[in-house]
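Visitor: Once you have looked at the hints, place chain B on chain A.
So the sequences go chain by chain: A and B.
Counting with our numbering, you get residues 1 to 335 for the letters of the first sequence.
Counting with our numbering, you get residues 1 to 324 for the letters of the second sequence.
Keep in mind the hints are simulated off the structure, nothing from the lab.
Hints may contain errors.
What the hints assert, rightly or not - Cross-link-like lysine-lysine pairs, in silico, DSSO-like; alpha carbons within 27 Å at most:
hint, chain 1, residue 1, chain 2, residue 2
1, A, LYS12, A, LYS57
2, A, LYS272, B, LYS3
3, B, LYS146, A, LYS24
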Amino acid sequence: MNDTILSTEGLKAFYVLEVYGEQKVVKAVNEVELDIRENEIYGIAGESGCGKSTLLKALAAVIEPPLRLISGKVIYHVDDKTVDVSTLDSETLRRLRWDFISYVPQGSMSVLNPVKRLKDTYQDFIISHLEGKSREEAFTLARQHIAELGLPPQVMDSYPHQLSGGMRQRVTIALAALLEPNIIIADEPTTALDVVVQRGVVQLLRDIQQKLNNTIILVTHDMGVHANVADRIGIMYAGKMVEEASSEVIFGEPLHPYTQYLINSLPVFGDKSPRESVPGSPPSLIDLPTGCAFHPRCPYVMDICKTKTPDYITARPNHKVACWLIEEDGDGKSA
Amino acid sequence: MEKVLNVEHLSKVYSIGSITSRVRITAVDDISFTIRPGEIFALAGESGCGKTTTAKMVLGFEKPTAGTIEHKGQVSGENDKVWLTEGVQAIFQDPFGTFNPLRTVDRYFFETVQNYNLADNKEGAIELIDQKLRSVGLTYKEFAGKYPSEFSGGQLQRISIARALLTDPTLLIADEPVSMVDASLRMSIVNLFNKLRTELGMSVLYITHDLATAYYVCDRIAIMFRGNIVEMGSVEEVLMHPKHPYTQLLRESIPEADPARRWVGRVNLNETEEEEYLRKGCKFAGRCPVAMDVCKQKPPADIAVGDVLVKCYQFAEDMVPEHA
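Next comes chain A alone, as it looks inside the complex:
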């Protein structure tokens, strides 16, 4: 097994809002335990509003009010040393960013400066992060990088509006990979793209991972994309991780009822048998159900589910799940 590169311990990050003098707390990330390894593509899946994007913000250390880190830690494993991200000053964080961890936020096709050609954006980026490079050196490096990733070199002379959404998305991902970071975090990189373009973006992510042997943390709600690229998948529900295993196990033998619904509701070519959505609607993160947050929608609900939150346990080797139906054991008994 590879070494851990990023981990969290009981991570809690809430949005604390004042609405008409009344305090509202959105429990977006609620005691999340993660252990992400070197050289893997880790997928995070879940419905919209389950806290996926907030989790990524916490992992990338871009916590800004009203989002607050309530408790727990995000730990980076930089060169055999472990650092607790919340203790770092802004200058150290700035150095770690792009070099150790880079973050491609949602809708990142709109992050490029509209009045600058891409080569200028690239040059600015290189000069501010790699000291002592001249503009010419920066330009050569940028061109080389673009060409290595199989993007057409003429994009460097274009303004962002001249490129399609898919091309902008790929250019942004390429920019995030420029300094060969150990971790790349990508939030919904394929959403709102056409299937063929989506395949191009996934292809690029895979190429980058194979070239750098680094870690990619990929968030998307599209289970098909996860099946195609992720080595391991974590399923998130109402701010918590509810299941984690290798892609084969998540798609082949999911344990949590929510995961089972997610997988079974996907339409499959060549099979027109009726499929059902998860019943009900996702819970509000302001007013979570007691006990297991999934219990109002769960077909196997028991009394204990309504009062006590299940622990996130290792049910089988390399397979974690939080559900009262599943017992902790190496031999994989389930009640």
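Guide: Only chain B this time, still in chain A's reference frame:
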């Protein structure tokens, strides 16, 4: 045979660019299709293929450059208001954009009832609204007086379907109805189309880029590419045995939820939309793995292969395939 919708030789040309460098783009290029009673028909393709333009013309929001649209024997354009009241209703992509966030959702329902004179008094209106809401799995009680922000995307999309049902339409036009709804709730919308078809005999024009749900719910499908319908037939034939190289590419590019069947091979993405629209011959020739010389010179005709119409020279009888 009775037809709910009959579209013939429909075209739409847009001019883009400045006065000095004007480019004419044929967004919809001579397409014909029909929808039968109780049929769910998919119009599928990527963004910029002309599927939404087609929907806008069917709904009367855009004037066709050429061609006719006929609903139950009535040609559109002569009396659009009647045409829409008589039974064509639409739902759109963004359920949050459909409703004004500062108005309660029920006001839209009462307005529709009033505009079309569907009830005599308030009690009658509530009864009608409740009945339509129940057919999409909601009730009047849980919906009255609420703002759009109090519903989830999936619920709002079902509410907009219920609103469309108020006039008892024979044809529902659904433009990308699930693309902004969570994957976990998508099936509830798609299953609803099936239910409405079975229970009310309603036809649905399902416009989508999501071929997996199209396969699941539709009877027939038309694949559009740069304004043309390149392949049309039953979903079973078109999606399980795709003939046109573009359909094959689309079908291959859909990520399957099975880690054992990952993508192999690479895609070529470098041509821009505009270049493809302005191609003389087959619009797909620039990316096509089996393109011949003739493909780049003259657009292919619709060729019937069994029950499927394919716009590709590979299937022309008088053509001897010769590779360029």
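Visitor: Now tell me if each hint is right for this structure.
Guide: Status of the hints after comparison with the structure:
1. Proximity of A/LYS12 to A/LYS57 is assessed by CA-CA distance (about 12 Å); at most 27 Å being required, the pair is judged to hold.
2. With a CA separation close to 26 Å, the supplied pair A/LYS272 and B/LYS3 stays within the 27 Å bound.
3. Distance restraint check for B/LYS146 and A/LYS24: the Cα-Cα separation of roughly 20 Å lies within the 27 Å cut-off, and the hinted pair is therefore satisfied.
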